[in-house]
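Visitor: For reference, the chains in residue letters:
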Amino acid sequence: MAKAQQHTVKSFDEELNQLENVLVEMGGLAEVQLDNALDALVRRDEERAERIIAADKKIDELERDVDNRVMRVLALRQPMADDLRAVVTALKTASIIERIGDYARNVAKRTAVISQNPPPGTIQSIARMGNMVQGMIKDVLDAYVSRDVQKANDVLVLDERVDLLYNSLFREFLTYMMEDPRNIAACTHLLFAAKILERIGDHATNIAENVHFLVSGEIPEDRPKGQQSIYEVEDS
Amino acid sequence: MTMTATATVAETKYPKSDAEDVRTKFSARDVSVFYGEKQALFDVALDVPRHQVTALIGPSGCGKSTFLRCLNRMNDTIPICRVTGDIRLDDNNIYAPDIDVVYLRARVGMVFQKPNPFPKSIFENIAYGPRIHGIAMDKNDLDKIVQTSLEKAGLWNEVKDRLGEPGTGLSGGQQQRLCIARAIAVQPEVILMDEPCSALDPIATAKIEELIDELRSNYTIVIVTHNMQQAARVSQQTAFFHLGYLVEHSTTEQIFTNPDDQRTQDYITGRFG
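These protein sequence lines are chains A and B, in that order. Taking the numbering used here, the leading residue of the first sequence gets 5, the next gets one more, and so forth. Taking the numbering used here, the leading residue of the second sequence gets 255, the next gets one more, and so forth.
Honestly, the hints are just simulated from the structure, not real lab data. From a predicted model like this one, the values you see are computed outputs, not experimental measurements. Hints are all accurate, no fakes.
BS3-like cross-link-like pairs, simulated, lysine-lysine; straight-line CA separation at most 27 Å:
(1) B:K461 <-> A:K14
(2) B:K414 <-> A:K14
(3) B:K368 <-> A:K14
(4) A:K14 <-> A:K96
(5) B:K414 <-> B:K368
Chain B on its own, in the form it takes in the complex:
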């Protein structure tokens, strides 16, 4: 797969529309994951629609983060981890032998629970990715990408006068938005978020949730959260995992007002355990 250095990003490819866009971005079929002998996911089938937020919920150890990491092949970095089944991004199998995994991880970006800015300046944090992927034509281009990414992450106004300062000097909420900007800078189509607000206070969390709402017009978002209320606030689709199985998935409204499966209802009403 070759790198295409398009300057303008997803906003021209996926214009915002009022109607929910139900075309599928990711489709997973018969996905199982093994850590050595232990099976962590059992035959998961799930469609992730584009330009929507899909939330993966479930108790600890249910496999939701494991599934998330399949979507950009982060599980490849774990030696004992084995993934079977079929995962397609825009109808292309991401585990095909000719797939450029580095490019895949630019198209499918990831934001983690604990903000992890590089030990570099704010500017360098954002510029690093586009530079090594060869996205920027020149210094001017790079400056523009850095500014656009920070604007899209809602951080530009707060940091525009101190781009040379270390990224680690920002508050927790700002650092997380910096990490989102960093993911955006390499022109992804999908942003995966693994408990992005767990380490943040309620105000910072609300700002990230508003940001997620704005981002979905240009990106597809999949978010893992152990906070069901956050899943309810932020997502349009919800998938409930339990003990490695995908128990139920539907619209968020359906899941939280009238789920089909007793296990789902028990979990969301706090009757578990």
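So that you can see chain A by itself, here it is in the shape it has in the complex:
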């Protein structure tokens, strides 16, 4: 269904727009946090990592703002149909974005340990996986704003590749740990970081499902699967 014309009572439109603006701001902040966290990792910048950890509070504040606005709109406007889905989806998506922000902070927390003597190429591997996940976040937030179901579907497909990449990184880090026990500290944290990124990818797919619900009122039953089989390893 195409986006309808404006509400007769204009203040209702304003409230819905403001709600979406806060959500978009949250998403933008989460994207920046993740970008900075990956960058800090690659540059071994502990100071920057500290700033990222502190900045997570802003995302939490915005989530509370979304919660309050949703309560208000539900109580005072009795939204129906697409308006109702928009409001409920905003609530659910804000919660997901807040988690993503937390995960970015968790990556930043590990910068200090990981940057000491990581095995060669491992940080670059994490960064590559991080870039894939960043792409998913950006695309899914774009899909949300433009109500683009096709774009949301593309994100769902991408998650398969992220999971494959995680599996192959897992094996790679295990190998380093078995080769030399001095690698264990760094590789354990690298593993955690990879797991965190994989979780962020999962959350992006949750947002993609929300986009489906927002537009069509339905959640896709079968996630569109990629062409690769689960036994293939992503070439990193």
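Fit chain B to the known structure of chain A by using the hints.
Guide: Same frame as chain A, but now just chain B:
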């Protein structure tokens, strides 16, 4: 109280501002109302802030319309009705012996549940009030007042080419906007509305609600409605009445998300009766 024939109206006295204006327009203290022996309102205390919409809600017979009618002394027209207590408009007691009630009812206009246009032309419906109150200087002035009032009520474009036609020929929603324009024409500061949308379909209702939203920058509005959802949509302050008592009043957001009183919560969640 003398009539002042100012041509420009509330918009110069009360300029629109973004911040909520919390100065009080009406303040009521210890207001009780009796119909003969029967007491209908018990010691009501309420402040009505200016440039906001205050909604009075509650079940049938709770006294909300009775209270509304105190604000422009419409209860005076009911012989057995007796009002006690203190009601102040801009800090002046409206029941003081020297009050000109006719002027009061121009300052505090009223719109009723069933639209009641005069059996006259659209033009005459609006012109009647300013003419008898001596507001218009001449015919030109009157024309301007009629146009401005109809514009403010969002009706001008629909009727500008047929001002001579009878007001009763308009649709229900248009008639109600005509009645609002009629109230506006005599330069009120407050507009009282008693279930203004009960007789209207959802689209007409939405148009009136948008109009109310626009009007509050220039007027103070008090609306009685048995439709809680409308009160939630339209007002910034809400007062809940029950069995003649004012049970609770607060911001609309507070009342509908987290009221203090159990009775209020029971009413708005539909647990009553």
